[in-house]
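Peer 1: So the chains spell out like this:
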Amino acid sequence: MPEHPHFHLRVFFQKKGRLALLSHLELARALERTVRRAALPYAVSAGFSPHMKIAFGSALPVGVGGDEECFDVQLTSYVAPEKVLEALARVSVGDLMVSAVYPIGNKVPAASVAYPLSVYEAKFFCAPRRALLPPETITVVRKSKEKELVVADFLEGDMLWEDATLTFSLWSKPTGSLRVDLLVESIAKQDETLELISLTRIHQHALLNLL
Amino acid sequence: MTNLWLRLAALLRNTQRPSRYLNHEWACTYKPEAAYRFCMVYPDTYELGQANQALRILCNAVNRQEGMAAERAFLPAHDFCDTMRAEGLPLFSLESCAPLAEFDAIGITISHELAATNILETLDLAGIELHSAKRTDAAPLVIGGGPCTFNPEPFWSFFDVFVIGEGEDVLGEVLQCHRTMKDAGAPRGEILHAIAQIAGCYVPALYRWCDEEEAQRCGSWIEPLGEGIPRVIEKRVFEGFATSSAWEPCIVPFAETVHDRLNVEILRGCSRGCRFCQAGMVSRPVRERSADNIVSAVVEGLAQTGYDEVSLTSLSSTDHSQIALVLERLNREYQDKGIRISIPSQRMDAFGVSMAGLVAGQKRGGLTFAPEAGTQRLRDAINKNVTEEDIFAAVDAAFSAGWRHCKLYFMIGLPDETDEDVAGIADLAERIYDRAKAALLPQMRGALKITVSCALFVPKPLTPFQWDGQISSEEALRRVNLVRSSLRSRAITVHWHDPATSLLEAFLSRGGRECADVIEQAWINGARFDAWTECFNKDAWDKGAASLGIDVACAAEHTYELNYVLPYTHISAGVTQDFLRAERNRAENGDVTCDCSCAACTDCGVCTDMNLKIELAEVRHA
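So the protein sequences, as listed, match chains A and B. When you line the first sequence up against the numbering used here, it's residues 1 to 211, in that order. When you line the second sequence up against the numbering used here, it's residues 1 to 622, in that order.
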């Protein structure tokens, strides 16, 4: 236990533009460095290899952007959330700009599991020529093992087309998530005129919001 | 300038590690308004190039000049090179995403011999003529620099100009000259002629290449064609180094690079005088930055970059006269902040280990030592200046301070090496193992691990061993096997380098202009990324050399007389050929030469002939 309780904060940011192409690890490293540059009194773990007490939201695949991504960080002394936001904004790169900071209790679910339902938006250059259905299964490769996932197990509601934009929601499960990029790719494959411009997680729902 | 981003972006979704090509990292500089545009190229992937300090220093230096912009470019991974060719997408800079061919000048770092074919890959992918002689007035000026330019001849036809030595001042001079003359409409030939007269610049096209007989008779392989072209090109030294700020602004990459941390250069030069070491010979004199300068650079650098690790870099960081003070101050500053401090190389004595202890915190992974040779006789011959007592003192200190692993670097095939010296490597490793075991508690001994790493000796230009040949690949493997078979303990593992790449290094490091054709043929045959084990294409090189009637092994293995004029004698790093010959003779007699940064002058020629001086923050003690 720390001598003084730490102040837990949840920071929201965007992952957009060309930086949507960052991997989760690269993103995590970049965010950690941003916190250090902001000169915040971040907490450090004890032990042989001390590191910043920071925890990241659920991972996005390479190439997928996010409008409401988040990470949690612990501070050793109180800094007003708006000051934290200001300090972070000053040292963030444009396409990873912070948007909000909230104090959170130390009992709330971690950023990585707090939002099990994600809303995605895929933008294409033109609308599809006919109605496209999601595939029944998606094959993902993890640690060189192939796994077949049933799309209906993850999809919440319908996939909605509005002109050239496709919107849909996916559940992430404790056993794993569907690769959203593979899902969109397999839909786009059904119509060769479809060319993806961007794929973005536009919103993440917490369980509480759904009840 | 043409912006290729949209074309590139379309390819990135399906490529590995797109973060290599994105730009937009924290603290990158973009000067779209600058009229004169320079691009610094590292001829390997982003992960290696972005970590390169020369690239960082030189881009900053050029960006500081008014009206000049410096951008960065790297070679894409080899499969993406193919994709780009198939798509007709030329090599681009990161900042503007503009084709390299549209820049006024490009600078290519030649950091090691195995980058040779990547230089051609770079030029070809950029759509720039491979040969200086064929470039038109519209083509960018192609400048080469870096350690390999102390023998620039193997690359002579691919570059318009080489800058020899430290580039901080000279690069700006070259670019200013180019800019002014280009603006005035001067033809390429005239501009090159003017650049050739700037100190430290070598324009190979302005020299006639002599044959061997003439070179030996005249004492040089080159003859200037025209007035005012220097016969000897002396390296440039950044004289303001010691007093200049140690904080060199740096970009914070997204992609994980090698040495992904803040690097603060604390000193330049090393005069320990190891006789195989090119860096030590060509980077003299020793110049230290002060403890105040270093500590404030670390504080400022960490604050501005957000890195959690800083490395105090140099050729021999523990030789800095104030290293203990620097580390103590940094430890105080960063206690409990999760910041790691590292020093790249350990001195082989108890002091070196105590310095390593200061930076290690509680995490004690492995320590690396470089005895280089297995017997005292050979260590004296190569002037390693490390005694067995030093080695054992270092080992005792390290293992009683909590380290469990230790890596030992040795060289195989050093001049005059005997089987006794080779077996001595195994013997030394065994005795180090015994000492380490004795220093550890019995229950800790199971974790004890010693790694012996054997590199093959490569004769390097401007070193006392430059006349010595390399041993053959078969002999190298025999000696490695001798080391392996002489070892008893299973806790000691042996690693060794592929002799085929070391052979190539030896061939190119001492070669003349004939090497350029071999490099080109090898590249045509498919060689590139030769430093990547999985990409090294020995066949391409063998066929290339054979088609030109050149015997690579014969050239690499040849031992010359000490009066033989080598193909780069016209390049001077300040250390005289007489000093190098004298050092070679001392090696033969087993005489050691002291480090002039803490003992008397050894008359190597650098300070006296180049009017330079050793700059220390405090007095050094041997």
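Keep in mind that the hints were calculated from the coordinates and are not lab data. It is possible that part of the hints are untrue.
[Stated by the list, open to error] Just some of the chain B residues that point at chain A, by a computed CB distance under 8 Å: (1) Phe254; (2) Ala255; (3) Lys337; (4) Ala546; (5) Gly549; (6) Ala553; (7) Cys554; (8) Gly590.
All residues carry an ideal CB built from backbone N, CA and C; glycine is no exception.
Peer 1: Each of the hints needs a verdict: does it hold here or not?
Peer 2: Hints, one by one, checked against the model:
1. For B/Phe254, the suggested interface contact is upheld, since its CB lies about 5 Å from the closest CB of chain A, less than 8 Å.
2. Against a cut-off of 8 Å between C-beta atoms, the interface hint on B/Ala255 holds, since the closest Cβ of chain A lies about 6 Å away.
3. Because the smallest distance between the Cβ of B/Lys337 and any Cβ of chain A comes to about 6 Å, under 8 Å, the interface hint for this residue holds.
4. With a cut of 8 Å, the hint placing B/Ala546 at the interface with chain A is violated, because the nearest CB-to-CB distance is about 41 Å.
5. Taken as an interface hint, B/Gly549 does not check out: its beta carbon lies about 47 Å from the nearest beta carbon of chain A, beyond 8 Å.
6. Annotation: B/Ala553 was flagged as interfacial toward chain A, and the flag is violated, the nearest CB pair being 41 Å apart, outside 8 Å.
7. With a cut of 8 Å, the hint placing B/Cys554 at the interface with chain A is violated, because the nearest CB-to-CB distance is about 46 Å.
8. Because the beta carbon of B/Gly590 sits about 45 Å from the nearest beta carbon in chain A, more than 8 Å, this interface hint is broken.
In summary, the structure is inconsistent with hints 4, 5, 6, 7, 8 from the numbered list given earlier, while agreeing with the others.
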